[in-house]
Each structure stands twice: as structure tokens, then as C-alpha cells.
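**Q** Residue numbers (full-length UniProt numbering), protein chains in the order written: chain A, 1 to 372; chain B, 1 to 375; chain C, 1 to 447.
The set of hints was computed from the structure by calculation and includes no laboratory data.
Treat the hints with care, as some may be off.
To be verified - Pairs of lysine-lysine residues, derived as DSS-like cross-links and limited to a Cα-Cα distance of at most 25 Å, are as follows:
(1) A/Lys-168 with B/Lys-264
(2) A/Lys-160 with B/Lys-231
(3) B/Lys-365 with A/Lys-160
(4) B/Lys-243 with A/Lys-160
(5) B/Lys-323 with B/Lys-266
(6) B/Lys-323 with B/Lys-283
(7) B/Lys-343 with A/Lys-239
(8) C/Lys-108 with C/Lys-38
(9) C/Lys-81 with C/Lys-23
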Amino acid sequence: MSRFYYYLILINMIANIISAVPTILLRYSEDGSVSALILGVFLGTVIVVFFTKFFNAFPGITFPEMLVQTTKKWFYYPLLFLMAIMWFLAGVSTLITYTFLLIRFFTPDIPLTLMGLTLVLSVIFGCFMKTDRVLYTIEIVFLINFPIIVFIIFKAYTSKDLNWDFIKEAMLHVVEMPNVNAVAACIFLSLGVVNLVIFNRFFTHKQHFGLKQIIVIAFIASATIFTTYFVPIGFHGIKEIDELVYPWIATSDSMRMRFFLIERLIYVFLLLYLGMAFLSILIHWHVSVELFKFIFKLEKWKYKDLNIGYGILILLFAASSLFIILTLSEYQLFRYSVYFFNLTAVIFFLMPFLFLWIRRRMKGADKTKGEN
Amino acid sequence: MPTKQKGKTRFFVLIALSFLLFLSGCGEFKDIDKMVFVSMIGIDKSDNPKKPYKIILKLYVPTSSFRQNPTPQYSYLIKDGETLAETIAILEAHLDKELDFGHSKLIVLGEKMMEDEKNKEILDFLIRRPDIQMISYVAMGRPNAEEIVKFVPNGETSLQPTLFNYFGNTGAESSFIITTHLFDFRRTMNEYGIDPILPIVEINEPGSHFIIDKSIILAKDRIPYELDAEKTLFVKILADSAKSVFFTVEREGEHFVTRLDNIKPKYRVERDGNQVTIRIKIKLTGIITESRNTLDNRKLPEYNRMLEQEMKEKLNALIDEMKMKGYDPFGFGLRLQSHTLPKDRMTDQEWRTAFKNAKVEVVVKSNLKSTGSIQ
Amino acid sequence: MTSQETLSWVISQFNDTSEVIQKHLNYGNKQATLLFIKTLIDQELYQKYIINPFFELPSQEQYHLYLTMLPQFQEVPSKEKALQFLLEGNVLVAIQEKLYSIDFKLSKNSDVNSTSVETTIHGSELALSDNLMTNINIIRSSYHQPSLTIEYYLKGEVNRPKVALVYDQKKVRKKALQMIKEKLDRIDKQVITEAYEFNNFLNDKRFSLFPQMILTERPDRVVYNLAGGKVVLLVDGSPQCMMAPAVFFDFLTTMEDDYHTLLISYYLKLLRYLGIFLCILLPGIYIGAASFSPEVFRTELMLTIAGSRMGVPFTSFVEVLFMLFFMELLLEASIRLPKAISATAATVGGLILGTAVTEAALASNIMVIIISAVAISTFVIPVNEMAFAIRIVRFLLILTTSIFGLAGLTLGLLCIIMYLVNLSSFGEPFLRLYNYRKGDKNSEGQA
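From just these sequences and the hints, can you work out the full model?
**A** Pasting the structure below:
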């Protein structure tokens, strides 16, 4: 597979360390998170395989284009609209979490609105870039950040303060029945692959996707999820870990770099994750923007040379995300995230059935074309 | 040309926006010289029962050139209050500059505070504040936090409070100093099967430097239990955090000191019904550094045996003491939990009785490499 | 139109005829008419190859044949062309009702310069010359491929300099070549004097920060880039040439990179990239650390900064802007000044000003160190055009940092990366990690 494909999956996994996912998982640490992790990784990988196989069969064609060819209008417009909204919300959830984080740990004096607006504005113009440019941006930022992420994870695992007894204690909760919310949160980590609905446009050649690639993805997924869930437990114990609002921030604050210019790892972590959050929002919103563009045919909304459609979309994005930032509290964010993850898990689980349908129709369409 | 036009408008929108942001943003600008940095936080029990907390903040006083002014300067803020947050808010109000806790690396709790069962409350405050480092050291101050915080030993240079160097193996690598970080304190406080332990900081008699070699165990809902220097050393050995230990062996007419450079403790906790067995295995590697009598290289196995016996006795004594009193700074309970399925786990109460009746087996394997440069 | 008529038409185009000389040669049975501009041709060559043979060769036919054999010989297709040839320093010869042009151009600027902008320790010290033909000669003689193609254009309504488009037919990026040709056709400028102007002429955007074409004076860089599929634009009279499409990494490559051993060249590259990050980020980091999040850096460092800032009357970002402003002035001044004085200017500006500013507590010591570090690391960027762009980017980042602290700095950097990626240079993405893939086997397309 192309390396860009892996970026899409990896960034979704890594960036979610700062989102509500670890909070949700740790909340249920004594009621079935661990078994949910295993189930989640498995189901996540299944979804990844389904999506990849499907999109790989039609290189260079986006999901909306396929729908147009194979389904009726009344079906695909609502579906795409729902997906666009969902992907917008996925971006917003990262955005809110990160805005809260920045305000709390970095620049407590800057008003929430301003911080949120800045984040929105810095990302939103990027969402209108061409798909290949989005991927190039992702690659550069990701490769700058990746060594530092590896360093932090290495540092965490080699730290003497990481108490494996806590981790083992937590692991033994595996005997409990998996918690539904935790499974959904876990599946969400693997949903980076859904971005292919638009990004498939970039992969114009058919690629090899075999057992080796599946194993790599399953391995990456399990390693990330293991780290996401167990490292905070190793540092903070299991009993009252759910007290911590941002478990990973607390974890990164539990490591010290004695000889480095920046002594507290938390700041390296925060700045690094600003980059990752940026990428995550960029990807999600790019997909969302492209879907909206498709649904409302925004390219055509022109006044003289100015494209008002884009302007309206930018305004809508900025205004609605600001509104959400200002109204939600941390607790509400957590609760809605749970609902959101459950919803996405269900929807993207039903998707493969639709894929089977499309696949059959597409073959038919190809055939008729060939006959003509 | 459409591209030209679009580029232009976008540019102007950006410019306009950035100016707007700039104008609104300027108010948040605060300079470093308008801030004071807290070096350490001391929390004492005050005499006033209505305002039980006494907070002592040690502040750095920056001077324009540290080269020309090597003696350290600090200022202090002291205030009694009913709650910690409120007290700090009052302190901030009294100051013309902003207090910055981001650089505070040590939290000293007064001895009296320990007996007061306020640890949970203090911890809650310290953790809740985002600007206090989770990685800051926690220690107990004797006779109280104020004296420790205010004490500046001889030879201290500015920028580097001596007290920090004792912890975390930054300066001294003493085997008697327990290092406890704030997050560590919190997790051991919350968790069953492990008890938090803090180092005790004292000032020596003439008042020239710190002494840190004792420690205190703070079990939940029991009175704190103090460990003297030797016991502290053994706790460190068992916790695998001792780097280099000098250990004296005195038996069978021999009297020698060993330097143990490599200590590898391993322990297993097994449970059979309500009977708990703790198996401890320690591997020691080191050399003999001092002896009253002449030593014979050929008799190294003998010395090894003596060291093993001595170590075993001492460790057994310590663990027995801990068992009797019911303190568990090693995390034996946690270790037991780590391989028990959740449904079979003991409650806190069950574990405590089980620990009291636990069987302890200590195995020491020592490997003395040499008798030093002379025999 | 006969050759004589053409000649008289050409003469009539000149108002002042003192420069244009017409000679009628008539000896025995031989006849010829010559037309040339005295100041443009090499009179020695004229004497040697046109006048002498005329008298030595026995017949008109032989002389005619002789002229056609000359390497400078060209036929004249039209009267406009005749005028242009004349203006370029050719001698027009009318013989036996035929009109020929013989190139005896005299150029005093054909000497090869030595490198002054892109200096290196290793490698050639010779640069391009001011003469187009010499430059083409240099390129041709170090790039031996039959596929090397050179196309000439005349651009600029008034001064009409010769512009040469050089590329390797086999390796050139077709799309980029197409775009360049289209844009060249659209140029409607009056005067073109320097190759560098094409950077703006061939650019559709009005506000562009980063250069779309790379400027060089080094023949080895030209050859290297020709082989890499770039198009080279040379202008007569300009000692530098432009190459397109240019991507970000081209601006960070020196020709020396290939002359060193692998590890050394990696080390130097690393140094360069660190330098570019440092010179963009350092002022921002200072502002962010000193004014927004003093808890980020280690205690000792922050206390030192706090100490050194004592008594400084400005807030950190005014301080940074103040010092940067002087540094930029110094940079500009030392370019404009004669070489003899510029060293003094640097001393006065850098050393004396720096010391005095800290003595007077107008800026902190650390600030002076930072500014010098920034200045030094700006010089690490090998191509000057990029260094200018980077200097502006630095100010943008200072702006974002002054509003949002270190978070603003990071966001600003991300936005700049995004902006760079979004730029295209003649169809080529300006910034992308792997620009030149071997072959077309890449699994991704472009969308």
C-alpha cells in the first residue's frame, strides 16, 4: 500500500490519544474496557480491511462518484450529508478538546473564542486545498512529529515510574464482558480508513493489499491502543484513573527530561499534539468539505469571480464549531463523544453491506459501458 | 484572471482578520519580568484552628547578572488560610506580579500535617491545578515545612536550590533518599495494596545543611510510620531504586564493608486460600571496600555467605516489622492483585489481615567480585 | 523584393545614418554591397574575412561560394529579419541578387565571471558571463547530449534582448515546458534587462512570497538541473539565469553537496535544515517563552532570561522587532555599500551596537545572542532568493507568536508549511517530501 494510506490510518489513531477516547476507555477500566480493547481492535481491523478492499477495487474513484453511478438520488444525498456532518463533528471534537487543552495548560489568559477561532481559521483554508496537497502537508508534518512521538512513547515505556503491576492488574479485567461504549471508542481509532471516501481520488493505481498489510495494520492498531490505554494506568494506577480529565496530559507530565532544554515533557507533548490535532482536523474537514462541495455543488455558487459557496461553508464551519466550543463543558463533551462514537461504529459497520451492493452494481455498470 | 482575484481577496481577508486578532490579543501579553516564579511550596499546619493551612512559597528573585551575584536570593510569601486555593488567591492578590507555579519542583509538607489526615485534600488541590508539575518532588519537612523551605544552606548558588539536587538522582546519588513524585504520591495514596512513602527532610544541628535519610510511610487511615536511615535503605533496595549501597557485615569475627553496585530484587506474592506467601529473591554484586581484618581472596565464597546471611536477617527483620504494623510501602498487595483475577481479589481489609499473617521467604544471592585493591 | 531594395528599406528605417555604413565593392568582374553598423561588428574580422577574400578570389562565383562556407553565414528570409540581423551585429551582404547575413558581432562582455553570489569551497569558481552566446557555449560544452534543445525568443518591446530557452528534450517535464512557453508568449513588457525579472513575469499571482524559479550563476548548477528536467531561461546581457520549475528543496541544495562524502554531505544538510528552522523559529520561541509560557523551558534558562530582561523598557516582542529591524537594516546596508566600507559597517552595527544596546539596557543580552544566531543561520541558506522569503516568514511568525504564544508559533509554522505545499511552480508542487521519483511507477496519482 502507498505510504499515504498508512498516514491516514496512523494519524487518526495517534491523534485520538488526546481526544475523548482514552477518557472513555479509562472510565470503564473496571467494567470491561480491556476485553473491549481486544474486540475493538479486531472489529476495527475488519472495518479497515473491508474499506480498503472495496476502495482498492475502484482506484481513483471517490465514494460520491460511485454512489452517483449506482444508487438513486433520494438515497445518496441524505447518506452523504450525514457523513459530511459526522466528519465535521469528528473534526470538531478534536478541535474542542485541543482548545480546552491549550487554554488550560498553555495560554490560560487567552479567551476561549479567540483560541478556537484561530485554530479553526488556520485549518479551514487548508481543507480547500487539493487532495494531493492535503496529503503532502500531512506527510511533512507527520514526519516532523513522528520521531518525537516515538521518543515520548519510548521514554514512557522505559521510565522507572511506569509500574507494571498496575498494568497487569488492569489487564486482568479482561475476563469482564466488553463494554459497548468502550468498544465503539476503540473502533473509532481505526476509522481513519473511512477518509478513503474522498482520499481514494489520490490512489489512482490499484495497490497490493494482502495479508502482510493486514497484519501490519492490526499490529499498529493493537500497539497504539495498548499504549493509549495502559501507559496512563502504569503511571497513575487504576483505582482513580477516571478522575483525570486528560489522562495523557497527566501522563506526559509524569516524565522529566533532565538534560534537555525543555524539562517538562508535557510541553513537548502539547506542542506535538497541536500538530497532530491540526492534521486530524485537516483530514476530517477536508473530507467533510469535499462532501459538502459535492452535495451542494458549491463550485457553481459564484458571484463575479468570487466563490460565495466556499465563503458560506467557511463561515458555517467556523460559526458552528465556535458555537459548540462555547456551549459544551468538558463533561458534556465526554458524554456526546460517547454517543458520537457509538453512532459512527454502527454506521460504518453497516457500510460494508452497502459496499457489496455498490460493487455488484459497479460491475454491471462497467459491463454495460464495455458493451456500448 | 480568476486566480489572481481570488488570491487577492483571500490575502486581504487574512490581513484584516489577523489585525483584528492582533488587537484583541494584545491585552493578554504578559512579560516574564512581570512574573515571579515559585521555587517550592511548603504546606504547614497553622496554630489557628479556623485557618488550618499555612502556605509558604519560596520565590526566585531574578537578578540581572547571576555571575556577579552568585549568592542566592529568595523572597517568601507566608499566609494562613482555610483552604489552599483561597490562600493562594489571597497571596496573589497581595503581589504586584503574577505568581507562576510552573517551575516549582518541590512540595514540602510539614510534619504536623501528616498526622492530620489532610493528605487527600492537599493532593486534590495540587493535582487539580494544571500549572503545578505532576513530576514535582514531595517530601516531609521536620520540624515543619516553613523552616525547610526558608533554609538556605551554605554554598548554595542562585538558580539551583540545593534541596532539589538531593532528589531524583540529579546531584547526590545517596541510597538513603527516597524520591517521591507528586503523581507517584497520588497513585500510591489511591491504590490498595501499596502505601505512599515520603522522604523526611531535616536540618543538621549547627544549621549548615540538610539531612535527608529517613522516610515516612503514610498508610491510609492510620498514623504515619517513620523509618530510620537503615530501614529506608532497605526499602530502597527492595524497591529496586538503590544504585550503590554500602553495607556492613559483622559476624563470625569478621567486620567488613561491601559496596553493592548491582542490586536486583525480585519478589513474588502467592496466595493459597487466605495464606499469603511472599518470596523475595535478591541478587547482589559488589566488592569489599573496607575491612578490620586482612581478607583473603580465596575466602570470597565465605564472605559471600556472610553477606547473604546478614542481608537476609536485616530484610526479614524489616519486613516482619512492616507486617506487624501493617504497612506496605513495597506494594506486595499490588503485586498479588496483579496476578489475581478481579473476582478473586481480596478487599483491603482481607489483604491487611492476610499480610499480617504472611509467610516471608527471603533468598539472597550475592556475588562479591573482589576484596578491593588490597587483600 | 530584390536585395538592393531590401537594403534601401533597411537603411530607411534608421534616422541617423552615421552609424549604418553601406559599402559597394566593385573590382574587376566582382560586385557586392555590404551593410553594417560600425559599432556592432568586429572590424578586424570584417577586414579579414570579407574584404581580403574579395580582392584575392578570382571570380564572383568563387567569392559567393566562399561566403556561403563561412560559419557565420546565414540566409536572410525577409526584410524584417534583415533589419534584426543588422541590429544584432551582422554584416548584410548583397551579392548576385541574393542577400546574406554574416555574424561578426563584437561583444566585449563575453568574459566568464567568477562566482560572487553562490560561492563554494569545492568546485568551479567560474560563473556565467554577460554574453548569451558565451553562456550557451558554456552549457553546451559541459552538457553533451544531442537532445539539448535551445530556443530563442525576442522579448521586450523596446530593447528586444535575446532570450534563450534551454532544456533537454528527453528529460524535460513536458507540462512545465508547455506552461513556460505559454506564459512567455503572454509577456508584454517594454524593457527586459535581467533574467531575474522573469520570476515575476511568469507568475500569475500578484502577491507571492516564495520564488517560483531558481536563480543561479553557476554553470554546474545549470547542468545539474538540466539533467533533472528543468527548463533554463537565459537572457542576453544577464550573468544569471533562471530555472523552472523550482521546488523548495532546490533552494536548499548547494552544488557542493555532491562533492562531499556521503556522511559529510548529510551532516552539512542537517546543519542547513536546522539553520533554517532556527532562523524562522528562534525569535518566536523567545517571545513565546518570555511572555506567554515561561514554564516551558527549564528553570535555570527562564531565570536567566528573566534576569537579563530586568530593566529592559520594552515588552519582549517590541524588543525582538527592534533588534531584528536593526539587523535587517544592517543586512541591507552592507549590500549597498562598497566592499571596502561594508566590513566597517558590519563591525559598527554588529559589535558596537550590540554591546551598546545591552549596556544601555535597551535589549537583554540573550536577545542579542538570539539575533546574532538568527542572522548567522539566515546565511546558511544557499540560495539568496529563499533567504529573502525566509526573512519575511520570520516576521509573520513573530506576529502570530505575539498574539498566541508558542501555540501561535506552532500553528503559524503549520500554516506556512500548508501554504508552501499548496504553492505550485509550473505544475510542480512546491513542497513535497519526495519530489523526484525514479520512473513513473508511483502508486499515487494526482488529484
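**Q** Against this structure, judge whether each hint is valid.
**A** Hint check:
1. A/Lys-168 with B/Lys-264: holds, 21 Å
2. A/Lys-160 with B/Lys-231: holds, 22 Å
3. B/Lys-365 with A/Lys-160: holds, 24 Å
4. B/Lys-243 with A/Lys-160: holds, 13 Å
5. B/Lys-323 with B/Lys-266: holds, 18 Å
6. B/Lys-323 with B/Lys-283: holds, 23 Å
7. B/Lys-343 with A/Lys-239: This hinted pair holds, its Cα atoms lying about 15 Å apart.
8. C/Lys-108 with C/Lys-38: holds, 15 Å
9. C/Lys-81 with C/Lys-23: Holds - the C-alpha atoms of C/Lys-23 and C/Lys-81 are around 20 Å apart, at most 25 Å.
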